[in-house]
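Trainee: As you go down the protein sequences, you meet chains D and Y in turn. Going by our numbering, the first residue of the first sequence is number 1, and it counts up by one from there. Going by our numbering, the first residue of the second sequence is number 123, and it counts up by one from there.
Quick caveat, the hints were computed from the structure, so don't treat them as lab data. Just so it is clear, CB atoms sit at the ideal spot from N, CA and C, and this is done for glycine as well. Among the hints, erroneous ones may be present.
Said to hold, decoys possible - Here are the computed lysine to any residue pairs in the SDA-like style, where the Cα-Cα straight-line distance is at most 25 Å: (1) Y:Lys532 with D:Ala37; (2) Y:Lys532 with D:Asp97; (3) Y:Lys532 with D:Trp63; (4) Y:Lys464 with Y:Ser357; (5) Y:Lys532 with Y:Asp558; (6) Y:Lys608 with Y:Glu623; (7) Y:Lys532 with Y:Phe708; (8) Y:Lys532 with D:Arg24; (9) Y:Lys520 with Y:Gln687; (10) Y:Lys647 with Y:His529; (11) Y:Lys647 with D:Asp11; (12) Y:Lys532 with D:Arg16; (13) Y:Lys647 with Y:Arg567; (14) Y:Lys532 with D:Asp107; (15) Y:Lys464 with Y:Glu570; (16) Y:Lys532 with D:Phe104; (17) Y:Lys520 with Y:Arg501; (18) Y:Lys532 with D:Ile94; (19) Y:Lys532 with D:Ser20; (20) Y:Lys464 with Y:Leu572; (21) Y:Lys647 with D:Val59; (22) Y:Lys520 with D:Pro103; (23) Y:Lys608 with Y:Gln673; (24) Y:Lys532 with Y:Asn644; (25) Y:Lys647 with Y:Glu605; (26) Y:Lys532 with D:Glu21; (27) Y:Lys647 with Y:Leu618; (28) Y:Lys532 with D:Glu92; (29) Y:Lys520 with D:Arg89.
To be verified - Per label pair, the in silico range of CB-to-CB distance: (30) D:Asp105 with Y:His355: 56 to 66 Å; (31) Y:Lys520 with D:Pro119: 42 to 52 Å; (32) D:Asp105 with Y:Glu662: 54 to 64 Å; (33) D:Ala101 with Y:Glu515: 24 to 34 Å; (34) D:Pro119 with Y:Ala679: 57 to 67 Å; (35) Y:Ala679 with D:Gly95: 41 to 51 Å; (36) Y:Thr726 with D:Pro58: 19 to 29 Å; (37) D:Pro119 with Y:Leu519: 41 to 51 Å; (38) D:Val74 with Y:Asp505: 47 to 57 Å; (39) D:Asp105 with Y:Leu519: 28 to 38 Å; (40) Y:Pro678 with D:Ala122: 32 to 42 Å.
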Amino acid sequence: VSDGTILVVDDDPSIRATISEILRMEGYPVEVAANGAEALTTVERSRPGLVLLDMRMPVLDGWGFARGLRERGVDLPILVMTAAQNARRWAEEIGADGYLAKPFDIDDLLDAVERRYGPPPA
Amino acid sequence: MDANALLQALTQALFVVIFLVVAVQSVRRPLRATIDIALLFGAVSLVIAEGLATALLDITPSRVLQATAGALVMTLPYLLLRLVDDFSDVPRWLMRGAEAGLALAVTGLFAWEPALPAAVTLLYVLYFFGLEAYAAVAFVREASRSRGVTRRRMQAVAIGSLLLGLTIFIAGLQAVAPGPAGFWSALSGVTAFGSGLGYFFGFAPPPVLRRAWQEPELRAFLGRAASLPRLPHTSAIVAELERGAAAALGAAGAGIGLWDESRNVLVFSLPPAGQQEASGRAPTDTEEYEVRPGEMAAGRAFALQQPLFYENALRDDPAYADVYRRSGVIAVLVAPITAGSKRLGVLAVYASHPPIFAEDDLVLVRLLADQAAVVLEARALIDEAARVQAREEAARLKDDFLSSAAHDLKTPLTTLVAQAQLLERRATRQPGAPADLDGITRIVRESERLRDLVLELLDASRVEDGRLVGFVETVDLVEIAREICKRHDSARHPCLLDAEEPVVGDFDPLRIAQLVENLVENAVKYSPGGGEVRVRVWREGGEGRLSVTDQGIGIPADDLPHIFQRFHRGSNVDDRRFAGMGLGLFICRGIAEQHGGRIEVRSTPGRGTTFEVALPVRAEAGVPTS
Chain D
1 VSDGTILVVD
11 DDPSIRATIS
21 EILRMEGYPV
31 EVAANGAEAL
41 TTVERSRPGL
51 VLLDMRMPVL
61 DGWGFARGLR
71 ERGVDLPILV
81 MTAAQNARRW
91 AEEIGADGYL
101 AKPFDIDDLL
111 DAVERRYGPP
121 PA
Chain Y
123 MDANALLQAL
133 TQALFVVIFL
143 VVAVQSVRRP
153 LRATIDIALL
163 FGAVSLVIAE
173 GLATALLDIT
183 PSRVLQATAG
193 ALVMTLPYLL
203 LRLVDDFSDV
213 PRWLMRGAEA
223 GLALAVTGLF
233 AWEPALPAAV
243 TLLYVLYFFG
253 LEAYAAVAFV
263 REASRSRGVT
273 RRRMQAVAIG
283 SLLLGLTIFI
293 AGLQAVAPGP
303 AGFWSALSGV
313 TAFGSGLGYF
323 FGFAPPPVLR
333 RAWQEPELRA
343 FLGRAASLPR
353 LPHTSAIVAE
363 LERGAAAALG
373 AAGAGIGLWD
383 ESRNVLVFSL
393 PPAGQQEASG
403 RAPTDTEEYE
413 VRPGEMAAGR
423 AFALQQPLFY
433 ENALRDDPAY
443 ADVYRRSGVI
453 AVLVAPITAG
463 SKRLGVLAVY
473 ASHPPIFAED
483 DLVLVRLLAD
493 QAAVVLEARA
503 LIDEAARVQA
513 REEAARLKDD
523 FLSSAAHDLK
533 TPLTTLVAQA
543 QLLERRATRQ
553 PGAPADLDGI
563 TRIVRESERL
573 RDLVLELLDA
583 SRVEDGRLVG
593 FVETVDLVEI
603 AREICKRHDS
613 ARHPCLLDAE
623 EPVVGDFDPL
633 RIAQLVENLV
643 ENAVKYSPGG
653 GEVRVRVWRE
663 GGEGRLSVTD
673 QGIGIPADDL
683 PHIFQRFHRG
693 SNVDDRRFAG
703 MGLGLFICRG
713 IAEQHGGRIE
723 VRSTPGRGTT
733 FEVALPVRAE
743 AGVPTS
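With these hints in hand, go ahead and build the complete structure from the sequences.
Mentor: Set out below in structure tokens:
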């Protein structure tokens, strides 16, 4: 069981909004970021309990974000979300805890989140 | 016998030996040039024989014998003039004049009793030296115009002519101003000997000397050959090979005819006349000249796969005499360019005068043709490698596109699926709750986005099939442009239409509107700082023209050639999401071309871009006449 928020990082505003909506409805605390750079700023402010990470983003992509975390000596559970074929390989490349291939069902999303973050705080 | 007499005897022997050699040559190879050479040395030999005979028999030469010897001496400059004509060209009037002069001179020698008056002698001297000087100058000029072995031959002949003139001059000097006889005759002996050698080496060089004179150019050519396949264009390689072959043989020019199997012709990239040689400039025009296998020297050598030598094409191939004469190809050596069993073409080396080449030059032409085959084959391999690379690049581009298209389609789909499931879940859990308008809006927006992407992909596949144009009707381009301009007009991006008259044609109105809309949308999209979008519609050159000009970020010059290609995205466009799939301009080009038109682009990075479309339209929209 983690504390801290779930950080949703995706450059597509619709996906960002939809995923946060799903998680909030279940009772998870959620923060959002539009790219890796914004996400790093958020991480510096408060430590999230899980990161849902898109890989291809402008400004700073998923690989850049993972590198940024290492440079700061921060280790966070990461769930890669990507529409690319190579979801699994990319997840391994950045040492993530798992991946979700877009498009996904919300049950799969919630299962994956619960397995890594735990149930929503009561 | 003193040294002087020895030198004289040697000189005389040399001339007689040369005469025998060239006489044999003229019999084996009866060309005008070889006969003229034999006559020249024959005349000299006769004069020598006459002198020897009178000296040996110790008789005073008779009047007739003296006149004959004089006549023979007077033929020398005329024969030289003929030789100039054999190697280059002498004006006809000069030839005829020289012949008339010679006839007069010979007649005079026999008619005047007992000796020529001094004034007349002066005329003889003028005639002799006039022609002599003309020949010497002509050979010097020919030497400077030609190259390789021919240049060296002409130089030798020019030296021979100068020495001959000097010899006669010394003899004359000896007659009018007798001095130390030994000195003068020694000097004239040396010059006579030199002139004999010069003429012999120039007019009838022994094969060893010929080859030695050919060698420097041949070596230079072979040295360059290895780097030739890397030249940017096959035409440049062919030009280099032609230059090298012509230089190695001392020819006026050379032509390579490349075998075009589908059309069954040999294609020369320049008419094999070598006019470009005369001007001394690199050939810039790429006029083509075609020869069928079996036709003319080149076609025959190709058909037979045998090297071939026409000493005088006018005589040896009379059926095409006119063509040869027009193109100035009189002597021609041809060898097939063949790599293994693969016929690549022919190499033809030509000259406008027969005695430039010799029979054994065929060996050299064959060698050069084989070298050309190696170079052209290497080139073909390099081209093939480039084609394979291009195919791989195209396959890679397609792969890249497919994965990026899949990514682009999955992005709106992700929202659609998740958001729809979320709405369903919420409606199940909280049946009475108010509608989630934000969620519904997201579904609408993302389904529209998905629709646009899918339609774009379908259009792109229609571009490839040539099925873009559907229902065609009579449409005014100006009306379409006006409507689209109005729709996109904003304070930030004012859309200004500039059109004076209707431009009417038969188009698919939906596709033309799609084309114009795409260009105007691009103009707005790539002018993030705002700026005017100018749409102009006019007629020009029987076509309808439409241009869209923006003041936006522009397109880098490196991208310009590619922007109408499928999947291409500008290298200065970082907006992955909104740049679409890189198909918009590809579709625009498809629409223009499938209407029988075209699209072009001009751009200055940082200043703006103009797209211009040309479409076929109806004739001037005048008042209909009945």
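Trainee: Hint by hint, which ones does the structure fall short of?
Mentor: 15, 17, 20 and 40
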